[in-house]
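Respectively, the protein sequence lines represent chains R and P. Counted from 1, the first sequence has number 195 at position 194 by the working numbering; the numbering is strictly sequential. Counted from 1, the second sequence has number 192 at position 101 by the working numbering; the numbering is strictly sequential.
Calculated directly from the structure, the hints in this document are not laboratory data. Worth double-checking, as some hints may not be accurate.
Claimed, not checked - Capping the alpha-carbon separation at 25 Å, the derived lysine-lysine pairs in BS3-like fashion look like this: (1) 430(R) - 212(P); (2) 446(R) - 212(P); (3) 446(R) - 293(R); (4) 164(R) - 157(P); (5) 169(P) - 110(P); (6) 293(R) - 246(R); (7) 430(R) - 151(P).
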Amino acid sequence: MDFQLLIDGLLTTLSPVNLLLVILGMMAGIIFGALPGISASMTIVLLLPFTYYLGIIPSIILLVAVYMGSAYGGAITAILFNTPGDPAAVVTAMDGYPMTKQGKAGRALGLSISAGAVGGIFSIIVMLFLSPPLSAFALKIQSAEYFALAVLGMTLIASIGRKNPIRTLISGGIGILLATIGLDPMTGAERLTFGDIHLMNGIDFIPIMIGAFAFAEVLSQVVERNSSGSFNMSSKIPLEGLKLKDMWYHRWCVLRASVIGTMIGILPGTGGSIASIVSYGVEMRTSKNPEKFGKGAEEGVVAPETANNAAAGGSMIPMLTLGIPGSPTTAVILAALTLQGLQPGPQMMTEQPLLLYVIFFSMLLASIAAFIGGRLGVQIFALMTRLPYSVLGPTVLGFSIVGAYAVDNDLFQVWIALLFGVIGYFMTKYDFAPSAMILGLVLGKMMEETFRRHLLVTNGDYASFVTNPISGVILLIAVLGALYPLISKLVKKNSPNDLTQ
Amino acid sequence: MGELIFHIILLVVIGLFFKESLVIDTERVSDPVGPAGFPQGIIVICAVLLLISLYQAVRKYTNRDKTVSSEKPAELSKEFMGILAAISIYLLVVDYLGFILCTILFFIALYALLGRGISFKETARSVVFSFGFTLVFGTLLNLQLPRGIEILKTFSYWIY
């Protein structure tokens, strides 16, 4: 590592204009990331024209800061209104929203933004020191490993709905089935479209997510408040905040999630959603109180948010070192770099080393700014929960309608959201799990593609999923994870204490 | 009873998906599973699990406390049905009335449904929200919001 370049990179990033761009980009990312339907890649695309008037370094600083900011923003509406801003925040909503209902909105937001910042910083430090070897490792990951990773994420599905595991599995299956709608990825054959042209490109998960979470939650609240007559009452619940020392309590959870998030983020084509799902699953399996998950467990907010933000940093590694985007958003940043006349990849590390260090430091500063500014800002966001529901409900519906429409500038997407709002409401009412459906939808496409691609390459050798060392280990972890509750029950049953009793 | 109906609806939908999966073109298959194999496998698993779940639901229904009188379902309340109707009407007319006017009316309707009544304050709040959404999504984020027809379309170009 060239320390002179490192110092130059830091000083360039700390120049007043660049520092201002970091803060502005981070704020824009948080705000737009919080809006359902407005993805990080969309925000970056919208900001691209502004970068034409900036130099190479300031424009990249701005876009990278937006990227980091949007990774934090998705959790805000997920925690406050059960309306995830992006798929990665679906898992955060599972415990974040119950925390809000318990009057801990400020604490949940504080945990999410602090944990996210630590995860982001962790991945950036890893990026700074270990980029080349990790990128080389990422290239060894092939279809079998991706499939195993999707299976690992899926094993979480069975654990979400402890109330009724069969209905949770059905929900996950429906999600996977929805992911298969559209053109077949291998042959291009039309599948399950019922002849509707709107379904040819498949169903986007944003409208379904908005429907199953936001619309369904408004309908649930309407039913609940209708019986209690509390539509116009302001919430008097306290907005419990977060002290810095509270984060120390979750240090091991943050560390585990940071490692998982960074490693998954490095794998091209994965992104924050898979990282947050796997991390949540690992945390739930290793927790001494797994029954608290889904009811407002703090680890249920800390783990996915840390992993999501670590994945954001991690996905920059293959993009910068190999020119392979790790997520859709880094693909847009890659396009932005190309527009500026740069070609990310091995040659960039030798030809533009200062730019690499500037990117590292701008991401680091965005994370630090989010950590400091976010901790103050979350209390303002949390105040929104004190609005009477007769004002809050229509506002959530308004954002949800525009968010679903924004996916494709098409009202059909809003109809999809409305349909899944009703389905999501009844799913929740009858102990199905809308979150499992969304996880199935997010993971289903990758699962099918990698499964079939691997079989194609190996001439139908099903055993190779297990005999391949990396995928074999991941599948073993998935199986052990799925059987863990059963094993721990058996171990407890046969423990000496029980025998003496 | 609602639980049973929901299961039956899901089974019918899964059945429709299975019927649709039978017409998937499998002539260009290059892999052992093919384009229809994966969805059909998921459909079969879902159907089996749904039948088990339906059996559980039937048992629960037959073992229920029959002395408790059944009340009117909460989903038939004017608020619940009203919200679904308001969203549906909004989606049907937004292309004609344009985003701004339609959103104002939508918010007024929702406030009235949720017990805030129709007053100057609520109307003003609806106008502020509608223009706020237009500013953020239409102007700032450059989203192609519906403009309406005739004079409303012309008017919309002044704003977004």
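Quick rundown of the hints versus the structure:
no.	hint	in the structure
1	430(R) - 212(P)	violated, 35 Å
2	446(R) - 212(P)	violated, 48 Å
3	446(R) - 293(R)	violated, 30 Å
4	164(R) - 157(P)	holds, 24 Å
5	169(P) - 110(P)	violated, 37 Å
6	293(R) - 246(R)	holds, 22 Å
7	430(R) - 151(P)	holds, 15 Å
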